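Undergrad: Based on the sequences and whatever the hints tell you, model everything.
Just so we're aligned: the sequence shown equals residues 1 to 521 in the numbering used here.
If you are wondering where the hints come from, they were derived from the structure by calculation, not from laboratory data. A few of these clues could be false.
What the hints assert, rightly or not - Here are the simulated lysine-lysine pairs, DSS-like style, with alpha carbons at most 30 Å apart: (1) K20 - K167; (2) K235 - K294; (3) K335 - K165; (4) K215 - K235; (5) K93 - K313; (6) K25 - K165; (7) K215 - K165; (8) K103 - K116; (9) K328 - K215; (10) K116 - K192; (11) K511 - K20; (12) K267 - K192; (13) K167 - K25; (14) K250 - K297; (15) K154 - K313; (16) K179 - K104; (17) K101 - K167; (18) K167 - K97; (19) K179 - K94; (20) K477 - K25; (21) K104 - K224; (22) K313 - K297; (23) K335 - K167; (24) K414 - K399; (25) K313 - K267; (26) K313 - K215; (27) K400 - K414; (28) K511 - K101; (29) K511 - K103; (30) K116 - K154; (31) K477 - K65; (32) K179 - K235; (33) K224 - K328.
Unchecked claim - Taking CB as the label site, the calculated pair distances span: (34) S124 - S75: 16 to 22 Å; (35) N449 - S124: 17 to 23 Å; (36) N354 - E490: 25 to 31 Å; (37) D151 - A295: 55 to 61 Å; (38) G79 - T432: 47 to 53 Å; (39) A219 - A153: 48 to 54 Å; (40) N120 - A390: 46 to 52 Å.
It should be emphasised that the depicted structure is a prediction, and the values quoted were computed from it without experimental measurement. We put the CB at the ideal spot given by N, CA and C, even for glycine.
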Amino acid sequence: MRMTNRIMENNSLYNINNNKILQDKLSTQMSTTKKLTRPSDDPVTAIRALRLRTSVSELTQYYEKNAPDADSWLSITEGALSTNVEVLTDLVKKAGKAANKEKKVEDLNILLQEMKTLRNEYYSTGNVDFAGRYVFTGYRTNTTLTFTEEDAAKGDSYNMTEPVKLKDFDTTSYTNMSKLAGLTKSNYNDAKYNTVTEQDVTNSTIHRIRLSYDKLDSAAGIIKIGTAAVDAAGKEVFTDIPGIDSATIKTAASAEAGYQQIAEANKAGTVAMTYIPETGELLFSDTAYETLSKAVKDDTEISINYTKSEWEKGDLRPEHYFRSTVTKADGTKTKFNFEADVNDQVIEYDVGYNQTIRVNTMANEAFSHGLNRDIEDLERALSSLQEINATMTDLSRLKKELTEGTADYEKVEKQLDAATKAYNYARENIHTKFESSITSMQGYLDDTNIAVTDNGTRSSRLALISDRLMDQKTTFKTLQSENEDADIAEVTVELTSSKLTYEAALMATGKILQTSLMNYI
1 MRMTNRIMEN NSLYNINNNK ILQDKLSTQM STTKKLTRPS DDPVTAIRAL
51 RLRTSVSELT QYYEKNAPDA DSWLSITEGA LSTNVEVLTD LVKKAGKAAN
101 KEKKVEDLNI LLQEMKTLRN EYYSTGNVDF AGRYVFTGYR TNTTLTFTEE
151 DAAKGDSYNM TEPVKLKDFD TTSYTNMSKL AGLTKSNYND AKYNTVTEQD
201 VTNSTIHRIR LSYDKLDSAA GIIKIGTAAV DAAGKEVFTD IPGIDSATIK
251 TAASAEAGYQ QIAEANKAGT VAMTYIPETG ELLFSDTAYE TLSKAVKDDT
301 EISINYTKSE WEKGDLRPEH YFRSTVTKAD GTKTKFNFEA DVNDQVIEYD
351 VGYNQTIRVN TMANEAFSHG LNRDIEDLER ALSSLQEINA TMTDLSRLKK
401 ELTEGTADYE KVEKQLDAAT KAYNYARENI HTKFESSITS MQGYLDDTNI
451 AVTDNGTRSS RLALISDRLM DQKTTFKTLQ SENEDADIAE VTVELTSSKL
501 TYEAALMATG KILQTSLMNY I
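TA: What follows is the structure in structure tokens.
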């Protein structure tokens with residue numbers, strides 16, 4: 001093969017240029033500390049780099065964003081639940097103090113006022129939020145757990161179906177003091193009090209179911225009891241329980257009238273049911289309750305449908321607890337299918353590859369209507385006790401002012417005997433209610449502790465996941481560095497060697513190309 005000067009020049013320039021390209025590559029690696037500047041440099045390394053970068057990016061999202069957000073949600077929930085544990089613990093203690101029969105009426109009133117304050121704190125805690133999202137309301141994170149003052153003023157009408165079971169029924173003591181109502185020192189001589197005797201004061205035990213709300217709507221036929229289901233079209237189908245006809249339920253004008261109706265039905269041995277909108281109670285005569293208990297099993301869900309339009313600040317919103325339909329002032333209606341929604345409203349965070357963690361606690365897991373209803377029961381019982389105590393005190397003073405043996409003295413003595421008997425019944429009634437409230441409030445405390453435990457378990461699991469994410473992120477970053485980062489010492493040596501080679505090539509090329517065939521012609 002004939003080698004000409006031109007060929008030598010071209011080869012020399014080509015090799016020198018390659019050396020310059022290598023120097024440029026090594027220089028770029030030194031300035032960027034990366035092996036690759038383009039995928040074509042090393043396709044295999046480039047593919048591995050893309051995979052590692054994706055993994056590191058995902059781990060960064062899990063570790064630095066998702067996990068801290070989930071932890072914040074769980075921490076806020078834990079704080080709210082811990083507050084309620086303290087509140088309920090105090091309520092149990094105060095109920096225990098109030099259950100002491102030696103306590104005076106004034107002492108009971110002070111303790112009950114303290115319990116009401118704690119009750120308000122219990123429900124207001126349910127409105128805590130995380131970054132503007134309410135934590136106890138499932139997917140309805142823009143809706144408070146309880147009615148605010150503004151929402152209550154709107155007067156939205158809720159028709160709701162509340163599920164209960166036989167175990168939810170209880171008994172309450174009713175003392176018939178109607179003939180003593182309004183009796184004072186100044187009017188004891190009125191004709192309606194002339195025949196008051198101790199025998200007029202009677203006490204009855206009445207079966208009832210306390211609905212979750214009081215101050216309910218009282219229109220005729222507005223309450224139903226039976227079994228309810230939602231058909232394929234989303235319509236609620238209501239079926240009466242055998243022997244318990246919703247059409248026979250009477251609506252009482254007042255609590256006193258309702259209890260009297262059932263007391264009379266018990267005497268007569270008849271089936272009777274009375275709905276008291278004022279107190280949110282559905283009363284059953286002994287025969288009616290016996291009929292109901294024979295018609296359904298202990299675990300059978302009994303549905304009670306009623307309507308409430310009058311709301312107060314602090315009332316729990318029905319959509320977080322019951323299947324309900326709300327009718328707004330403008331006539332628009334919205335349905336809430338609680339049974340279908342409750343199990344689907346779990347809020348989860350992605351905190352790892354195919355790993356999620358639940359962060360929310362549902363309202364029905366931590367907040368019960370029962371606490372408010374217990375306090376309201378105690379308020380009514382205390383009010384009756386205070387009323388009869390005032391009557392008894394008034395008559396005692398009047399008796400001391402009268403002359404023994406006179407007609408007025410004997411009349412007041414009979415009235416005082418009746419008032420004393422009524423007082424004893426009322427005192428025993430409120431004592432029983434405070435005793436039972438200890439058990440019920442301990443039950444709410446147990447439910448809250450379960451919610452605290454569940455939340456704490458999730459937090460512990462999240463902490464373990466976060467530790468693993470940190471380790472994984474460190475591992476993948478190390479692999480990414482090994483795959484992409486250049487060895488600076490090695491690159492420096494190669495660059496120095498390339499520079500020496502370049503200079504030597506220039507020197508050799510210069511000497512060789514100085515001589516050509518023209519020198520011999």
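Undergrad: If a hint holds in the structure, say so; if it does not, say that too.
TA: Now the hints, each set against the structure:
| no. | hint | result |
| --- | --- | --- |
| 1 | K20 - K167 | violated, 90 Å |
| 2 | K235 - K294 | holds, 29 Å |
| 3 | K335 - K165 | holds, 24 Å |
| 4 | K215 - K235 | holds, 26 Å |
| 5 | K93 - K313 | holds, 26 Å |
| 6 | K25 - K165 | violated, 80 Å |
| 7 | K215 - K165 | holds, 22 Å |
| 8 | K103 - K116 | holds, 18 Å |
| 9 | K328 - K215 | holds, 18 Å |
| 10 | K116 - K192 | violated, 37 Å |
| 11 | K511 - K20 | holds, 20 Å |
| 12 | K267 - K192 | holds, 24 Å |
| 13 | K167 - K25 | violated, 82 Å |
| 14 | K250 - K297 | holds, 25 Å |
| 15 | K154 - K313 | holds, 11 Å |
| 16 | K179 - K104 | holds, 25 Å |
| 17 | K101 - K167 | holds, 28 Å |
| 18 | K167 - K97 | holds, 27 Å |
| 19 | K179 - K94 | violated, 34 Å |
| 20 | K477 - K25 | holds, 24 Å |
| 21 | K104 - K224 | violated, 41 Å |
| 22 | K313 - K297 | violated, 37 Å |
| 23 | K335 - K167 | holds, 28 Å |
| 24 | K414 - K399 | holds, 10 Å |
| 25 | K313 - K267 | violated, 41 Å |
| 26 | K313 - K215 | holds, 13 Å |
| 27 | K400 - K414 | holds, 14 Å |
| 28 | K511 - K101 | violated, 121 Å |
| 29 | K511 - K103 | violated, 119 Å |
| 30 | K116 - K154 | holds, 25 Å |
| 31 | K477 - K65 | holds, 18 Å |
| 32 | K179 - K235 | violated, 48 Å |
| 33 | K224 - K328 | holds, 22 Å |
| 34 | S124 - S75: 16 to 22 Å | holds, 19 Å |
| 35 | N449 - S124: 17 to 23 Å | holds, 20 Å |
| 36 | N354 - E490: 25 to 31 Å | violated, 39 Å |
| 37 | D151 - A295: 55 to 61 Å | violated, 39 Å |
| 38 | G79 - T432: 47 to 53 Å | violated, 36 Å |
| 39 | A219 - A153: 48 to 54 Å | violated, 22 Å |
| 40 | N120 - A390: 46 to 52 Å | violated, 27 Å |
When the structure is compared with the earlier hints, violations turn up for hints 1, 6, 10, 13, 19, 21, 22, 25, 28, 29, 32, 36, 37, 38, 39, 40 and for no others.
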